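Working from the sequences, and respecting the hints, build out all of it.
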Amino acid sequence: MSTTAQKKLVPTRTGVVTSDKRAKTRTAVFEFQTMHPKYGKYVKNRTRLQFHDEKNESHTGDLVEISECRPVSKSKQWKLVRILDKRSVTRVQNVVSGAAEIEPAPVAAAPAAKAPAKAPAAAKAPAKKA
0 MSTTAQKKLV
10 PTRTGVVTSD
20 KRAKTRTAVF
30 EFQTMHPKYG
40 KYVKNRTRLQ
50 FHDEKNESHT
60 GDLVEISECR
70 PVSKSKQWKL
80 VRILDKRSVT
90 RVQNVVSGAA
100 EIEPAPVAAA
110 PAAKAPAKAP
120 AAAKAPAKKA
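Each residue of the sequence shown is one higher than the one before, counting from 0 in numbering that gives the first Met the number 0.
By construction, these hints were calculated from the structure, which means they are not laboratory data.
Take these hints with a grain of salt, some might be off.
Unchecked claim - Cut-off 27 Å, straight-line C-alpha distance, at most; resulting in silico cross-link-like pairs (DSSO-like, lysine-lysine): (1) K23 with K75; (2) K85 with K43; (3) K7 with K75; (4) K7 with K20; (5) K20 with K73; (6) K23 with K7; (7) K6 with K78; (8) K78 with K40; (9) K43 with K75.
Stated by the list, open to error - Label pairs and their computed distance ranges (CB to CB): (10) K85 with K23: 27 to 37 Å; (11) Y41 with S18: 40 to 50 Å; (12) R45 with K128: 52 to 62 Å; (13) S72 with Y38: 31 to 41 Å.
Treat the numbers as computed from the prediction; the structure is a model and nothing was measured.
Glycine included, every Cβ here is placed at the ideal spot set by N, Cα and C.
This is how it looks when you write it as structure tokens:
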């Protein structure tokens, strides 16, 4: 036997933070592709994971690397390893909606005046057959 202890390889993932509303808990989206078993086409998949952020360093839109750890709570089995890139909130909107780019919304003109609402028509009773 060797005298040095062998370290286990811990699974890590890289994704975008989508929620930072709770203290020390973040939610991130991870995208990956799998091959369809029958048709052979690659299909995009997404998974959402909650992870533990002890120092509350990450925020919405950040690109983060997380690793698996012992369960911290019922829903958290991942912890923050490092923040790879600080990004804006638009990146999160792109990931969540699946859009490649978000186009700026066109400036709308002032809304036109609405026509007065019509009074409800009197309901006719169905004719009885004799």
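* Which numbered hints turn out to be false for this structure? -> As far as the earlier hints go, 4, 8, 10 and 11 are violated by this structure, in ascending order.
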